[in-house]
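Keeping the supplied structure of chain D fixed, place chain Y upon it in accordance with the hints.
The chain contents come next:
Number of protein chains: 2
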Amino acid sequence: ELIGAATKLLTKPFLAGRSVLVTAGPTRESWDPIRFLSNRSSGKMGYALAAAAAEAGAQVTLISGPVALETPLGVHRIQVESAQQMCDAMLVQVAAMDILIACAAVADYRPVKQATQKIKKTHQGLTLELERTPDIVEQLSNLADKPFIVGFAAETEHLETNASRKLKHKGLDMIAANWVREGQGFEVDDNALTVLWHGGKVDLPRTSKTQLARTFIKLIAEHYHAKGPA
Amino acid sequence: ELIGAATKLLTKPFLAGRSVLVTAGPTRESWDPIRFLSNRSSGKMGYALAAAAAEAGAQVTLISGPVALETPLGVHRIQVESAQQMCDAMLVQVAAMDILIACAAVADYRPVKQATQKIKKTHQGLTLELERTPDIVEQLSNLADKPFIVGFAAETEHLETNASRKLKHKGLDMIAANWVREGQGFEVDDNALTVLWHGGKVDLPRTSKTQLARTFIKLIAEHYHAKGPA
Chain D
168 ELIGAATKLL TKPFLAGRSV LVTAGPTRES WDPIRFLSNR SSGKMGYALA AAAAEAGAQV
228 TLISGPVALE TPLGVHRIQV ESAQQMCDAM LVQVAAMDIL IACAAVADYR PVKQATQKIK
288 KTHQGLTLEL ERTPDIVEQL SNLADKPFIV GFAAETEHLE TNASRKLKHK GLDMIAANWV
348 REGQGFEVDD NALTVLWHGG KVDLPRTSKT QLARTFIKLI AEHYHAKGPA
Chain Y
168 ELIGAATKLL TKPFLAGRSV LVTAGPTRES WDPIRFLSNR SSGKMGYALA AAAAEAGAQV
228 TLISGPVALE TPLGVHRIQV ESAQQMCDAM LVQVAAMDIL IACAAVADYR PVKQATQKIK
288 KTHQGLTLEL ERTPDIVEQL SNLADKPFIV GFAAETEHLE TNASRKLKHK GLDMIAANWV
348 REGQGFEVDD NALTVLWHGG KVDLPRTSKT QLARTFIKLI AEHYHAKGPA
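These protein sequence lines are chains D and Y, in that order.
Mapped onto this note's numbering, the consecutive letters of the first sequence carry residue numbers 168 to 397.
Mapped onto this note's numbering, the consecutive letters of the second sequence carry residue numbers 168 to 397.
For the record, the hints were derived by calculation from the structure and aren't laboratory data.
Treat the hints with caution; some may be incorrect.
[Stated by the list, open to error] Listed below are the simulated DSS-like cross-link pairs for lysine-lysine, each with C-alpha atoms no more than 27 Å apart in a straight line:
hint	chain 1	residue 1	chain 2	residue 2
1	Y	179	D	288
2	D	335	Y	285
3	D	337	Y	179
4	Y	285	D	368
5	D	287	Y	394
6	Y	288	D	368
7	D	313	Y	335
8	Y	337	D	285
9	Y	287	D	368
10	Y	385	Y	335
11	D	337	Y	287
12	D	335	Y	288
13	D	280	Y	288
14	D	368	D	335
15	Y	394	Y	179
16	Y	287	D	287
17	Y	394	D	288
18	D	179	D	385
19	Y	313	D	288
20	Y	287	D	333
21	D	337	D	385
22	Y	333	Y	368
23	Y	337	D	288
24	D	288	Y	368
25	D	385	D	333
26	D	335	Y	335
27	D	280	Y	280
28	Y	285	D	337
29	D	285	Y	335
This is chain D alone, in the form it adopts within the complex (with noise of 0.2 Å):
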């Protein structure tokens, strides 16, 4: 508490009066009422990077998925757990941001069918057809009021490339990479990033999700600040 009451005093609110959404988490895409997909996002670096922006004087929105986690203090949460409702949400709130800050692991895809009871289990197997989920960040870069927007990719392989790529097609300001690997990436504490933005790139190295919250927010208010408001 002390320790946090001090940082606060000692950091510049270099984010004050910015509006900034965060999504974190994964989704739940719903198979019956029982079963779903996910992925192994734990939702802990974008709650890292919405209490640091809170930290940094933003106004923060943090749109999460289903986490065990406690919202950090200051930000205002929406929760929400398909990628439909996250798509949702966000078109709703992104207006009025400066900042958008795409963490959660939306599910890329979704059954096409939903059963509304219990499917009963038989002998055989099963074959579960899956549709594309929409790609929201994708829609949000081609509005023409558009906040900055940051984006992850997390790989398991060829990591810059794919995140170098979606930095082009996706029309982000910035990308973060992250490995996501044993021990890295999802559901620990500890992360490290390679931030990619046009015509640059920086490594953070592996530190808290806490820690390298504060650095990789700092980082997107230079970049920010440079770019100029829109």
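Only chain Y this time, still in chain D's reference frame:
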């Protein structure tokens, strides 16, 4: 704390000297290093049963899927993730057990193939081939020296019919049938159970999972003692 201590003093340790194995929570079936299939079990009912069995004087082992719950006092917890791991852990533990309470919502289906790298998304849909997981409770009920086995049936329709069929078909001693619907069953603190055994049944009305677990553990102990130790 005081109420907990008072409850212990007033409760006869009717499971003293008995070994109880409880399974709890969902399982996760990986599809690639990031994505998985799971279900909405919070683990709360199973954890409450483990706590109530320990209160009743039993030596309790809890095999748990991924949940956001603390291990109850005095309970030995074994952490697993997939249905296969749950099955393996149960096979190791079961020989030493007097009573098995299989409360975990073990996945019935898992992907036939697990990708070792994250599956890159395309613009097209995708088909996920699923196969049945081993039905460990059914396997255990075929053991010569099997424990007293209590199963669970979480249903969205035909509750008693489905539960009654599972009781007979899986060779269980008792089964707790559990409606899963908005505000009941999974992901909530309250629950109600219909408990069936060969030749009888009782409705345990809706209350907190903690209280319900204490009532149910007493009922299990009565039937276990009536049957006579193996």
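Against the structure, the hints:
{"no.": "1", "hint": "179(Y) with 288(D)", "result": "41 Å, violated"}
{"no.": "2", "hint": "335(D) with 285(Y)", "result": "21 Å, holds"}
{"no.": "3", "hint": "337(D) with 179(Y)", "result": "65 Å, violated"}
{"no.": "4", "hint": "285(Y) with 368(D)", "result": "24 Å, holds"}
{"no.": "5", "hint": "287(D) with 394(Y)", "result": "32 Å, violated"}
{"no.": "6", "hint": "288(Y) with 368(D)", "result": "25 Å, holds"}
{"no.": "7", "hint": "313(D) with 335(Y)", "result": "61 Å, violated"}
{"no.": "8", "hint": "337(Y) with 285(D)", "result": "19 Å, holds"}
{"no.": "9", "hint": "287(Y) with 368(D)", "result": "23 Å, holds"}
{"no.": "10", "hint": "385(Y) with 335(Y)", "result": "22 Å, holds"}
{"no.": "11", "hint": "337(D) with 287(Y)", "result": "15 Å, holds"}
{"no.": "12", "hint": "335(D) with 288(Y)", "result": "17 Å, holds"}
{"no.": "13", "hint": "280(D) with 288(Y)", "result": "19 Å, holds"}
{"no.": "14", "hint": "368(D) with 335(D)", "result": "14 Å, holds"}
{"no.": "15", "hint": "394(Y) with 179(Y)", "result": "20 Å, holds"}
{"no.": "16", "hint": "287(Y) with 287(D)", "result": "31 Å, violated"}
{"no.": "17", "hint": "394(Y) with 288(D)", "result": "31 Å, violated"}
{"no.": "18", "hint": "179(D) with 385(D)", "result": "10 Å, holds"}
{"no.": "19", "hint": "313(Y) with 288(D)", "result": "25 Å, holds"}
{"no.": "20", "hint": "287(Y) with 333(D)", "result": "12 Å, holds"}
{"no.": "21", "hint": "337(D) with 385(D)", "result": "23 Å, holds"}
{"no.": "22", "hint": "333(Y) with 368(Y)", "result": "14 Å, holds"}
{"no.": "23", "hint": "337(Y) with 288(D)", "result": "14 Å, holds"}
{"no.": "24", "hint": "288(D) with 368(Y)", "result": "25 Å, holds"}
{"no.": "25", "hint": "385(D) with 333(D)", "result": "22 Å, holds"}
{"no.": "26", "hint": "335(D) with 335(Y)", "result": "60 Å, violated"}
{"no.": "27", "hint": "280(D) with 280(Y)", "result": "22 Å, holds"}
{"no.": "28", "hint": "285(Y) with 337(D)", "result": "19 Å, holds"}
{"no.": "29", "hint": "285(D) with 335(Y)", "result": "21 Å, holds"}
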